[in-house]
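Below are the chains, spelled out letter by letter.
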Amino acid sequence: MSVRTLPLLFLNLGGEMLYILDQRLRAQNIPGDKARKDEWTEVDRKRVLNDIISTMFNRKFMEELFKPQELYSKKALRTVYDRLAHASIMRLNQASMDKLYDLMTMAFKYQVLLCPRPKDVLLVTFNHLDAIKGFIQDSPAIQHQVEETFRQLTEVYGGLPAGEFQLIRQTLLIFFQDLHIRVSIFLKDKVQNSNGRFVLPVSGPVPWGTEVPGLIRMFNDKGKEVKKVEFKHGGHYVTAPKEGSFELYGDRVLKLGTNMYSMNRPVETHTSGASKSLASRTQESIAPNPLAKEELNFLARLMGGMEIKKPSGPEPGFRLNLFTTDEEEEQAALTRPEELSYEVINIQATQDQQRNEELARIMGEFEVTDQPRQSASKGDDLLAMMDEL
Amino acid sequence: MVAADSQGRRIPRVRQATLGLRVHWCVLPFRVLLVLTSHRGIQMYESDGSVMVYWHALDSGDASPVQAVFARGIASSGHFICVGTWSGRVLVFDIPAKGPNIVLSEELAGHQTSVTDIATEPAQGQDCVADMVTADDSGLLCVWRSGPEFKLMTQIPGFGVPCPSVQLWHGAVAAGYGDGQVRLYEASTGTLHVQISAHARAICALDLAPEVGKLLSAAEDTFVHIWKLSRSPESGHTEAAPLL
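First to last, the protein sequences are chains A and B.
If you read the first sequence in the working numbering, its first letter stands for residue 13, the second for the next number, and so on.
If you read the second sequence in the working numbering, its first letter stands for residue -19, the second for the next number, and so on.
Hints may be right or wrong, so weigh each one.
[Unchecked claim] Using 25 Å as the maximum straight-line C-alpha spacing, the simulated DSS-like pairs for lysine-lysine come out as follows: (1) A/Lys239 <-> B/Lys208; (2) A/Lys240 <-> B/Lys194; (3) B/Lys208 <-> A/Lys244; (4) B/Lys194 <-> A/Lys239; (5) A/Lys244 <-> B/Lys131.
The hints are simulated quantities; they were obtained by calculation from the structure and are not laboratory data.
Extracted from the complex, chain A is given alone in its bound form (with noise of 0.2 Å):
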C-alpha cells in the first residue's frame, strides 16, 4: 500500500468538514446587532473557520502529516477530526460529531471513486485549498501556510507516475470500503441509490489522455493502419476538453472537491442508514486493535504539532448542532451505540509521593514473587496526555 496517502487524505476529508461547518454555521446566522449571547454571528464563523484553518495547516502538523507512512485505522484519524473541529470556540457533540464525520468521509468517497484519472486526487485537494484560501481571505498569514502546502503536494506528488497514483487510489478506496451512509444530497442528484452505493456515470467526457471507446485499428508491420472497425461501447462519452491545471492558481476543470452545499441545500444524513452502518462500524471497533499502541504514538505527534487554543477565561463555548433541530440531536445520541462512546478513563501516571509510599509499605507486607507491572509505561503516559488535552 501507498505511504503517500495521509497527506491527500486528511487535508480532503479536512476541506469537506470546513464545508459543512461553513454551511452550517451560515445557516444559523443571526445578524450581528440581532443575536443574543448564545447565537450564531458572521465575525463568530469567521472566526471559528480561520481557527480551524490556521490548526490545521500548522507547519510542525503539516512536517508531520507528509512523512512517509501507513494509513492508520479510522479510529485514529477520528480522533484527529475531533480535536480540530474543537480548535475554536465551537462545541459538538458526539451525535452531531458522528454526523459530521460521517458527511466528511462519503462525500470524499465519492471525490476518490469518481475522478476520472487517478491523478485527478491532486486536482481534487487543489478544489479544496482554493475554496480553504477563499475563507481566510482576510488573513493573509494564513494564507502563506496553505500556499506552502500547496507547495509541498506539488514538491511530493506533481512528479509522481500514474502507478503511483492507482496505488494511492487503491489505498484510499480499501480505507473506504463498506462504507454505505445514505447523504440526502446525493440521494437527491441521484448520485448514490437507495442501498448507499454510488452510481458509476457511463457518460461524459473522458479522462484527459483516453480516447473516446468504440473503434479497433489493424496495423501491418510497417506500422501502416490496414483496417478500422467501429463497434458499439455502450456508454456515451465525448472527448475530454480540456486538462485541469496542476499550477498555484488555475482552473481545475474537474468539480469534484469544489464545495456542493448551499444555503437551499440542507446538510443531512438519512437516520435510518445512519443506524445501519453504525452497527456494522461497531463491530469493526470491538475487534481488539494490535496497532492501538503505534496509533497512539502516531496521534501524540500529530497533535504535538497541533496547537490547540483553550478558550481562556469566562467565554462561553459556542455549541453547534449538525441536525435541524435540537430534539433530533437528543434522539440520534441515544440511538447511539454504546461502544461508539469515547470513554474518558482517568490514570494516574504522575508521581504521586504520599500514594506511592503508602502503596510500598502495603506491597511490602505481601510475598511478591514476580515484578509488579509498571503503570508508567509510555502507552499510559499517551492515554493520560489525551486525556488533558
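Add chain B to chain A, keeping to what the hints say.
Just chain B, lined up with the frame of chain A:
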C-alpha cells in the same frame, strides 16, 4: 474457487489477508499449487489450502522509505512459478514434482518499475520463441523464453500509462492499459498489430479462453467486453473483432 479480501473476519481455515493480495492457481505438470502474494512475501500452499509448502519473505533491502514493498503477478511455466515484485525483479521458483523443496532459481531483471502482471502459455511448437510476458507500472512489456535459464527476447515500451493486465495467445501479447486501451502485439518482434479504444477508464483485468480465442476485458468504467481474436490467414497477423 478461491476468493481473497483485505478485511475478512477471523474464520478457521480462511487465511487472513493483508493488503495488496493476489491469488493464483499454478497448474504444473505433476501438481497444483495455490500461490498468494502480499506486501510481506509469497506463500505457496497445496491446492486444497491445507498445508503451506513454501514461504518467501520479500527483501526490502534497497527500498527507499517511500517505496511500497510487495509481490504482484503470478504465473506458472513448465515446472517453474514466476512472481513479480515491487522493484521490477521477477522471481523464478523451481518446483519439484512433490514435497516442499522449492528453490528460488533465478531473479529476472528487465523492469525498472513494479511488476503488475505475468502471463504464460504452453510453448507453441518446437521453434517457439516466447512463452512468457511480464508487465509493469510504466507500461513496459518484457517477453521471455522459459527454460533452465529464462531469456529476455523482446521489450515492448510503454507510453506513460501502467499496464495492469497482460495475456498471451498463440504468440500474441494482449495488454490492457490504464487509459482503457487493449493492444495486441506480435510476441517475437514486439510489433503492434491491433489497438482497441476499449474502455473509458483503467482496465482492471484481462482474461482469455485460449481454445476459442476469446479475450475478456473488464475496466473501472463498469463495462466488460469480449473480443474474438484470430490470425489472418494471409498476413499471419493477429486481429480482433468485438463480440460483446
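Open item on the list: Tell me the numbers of any earlier hints that the structure contravenes, in ascending order.
Closed with: Violated hint (a single one): 5; every other hint is consistent with the structure.
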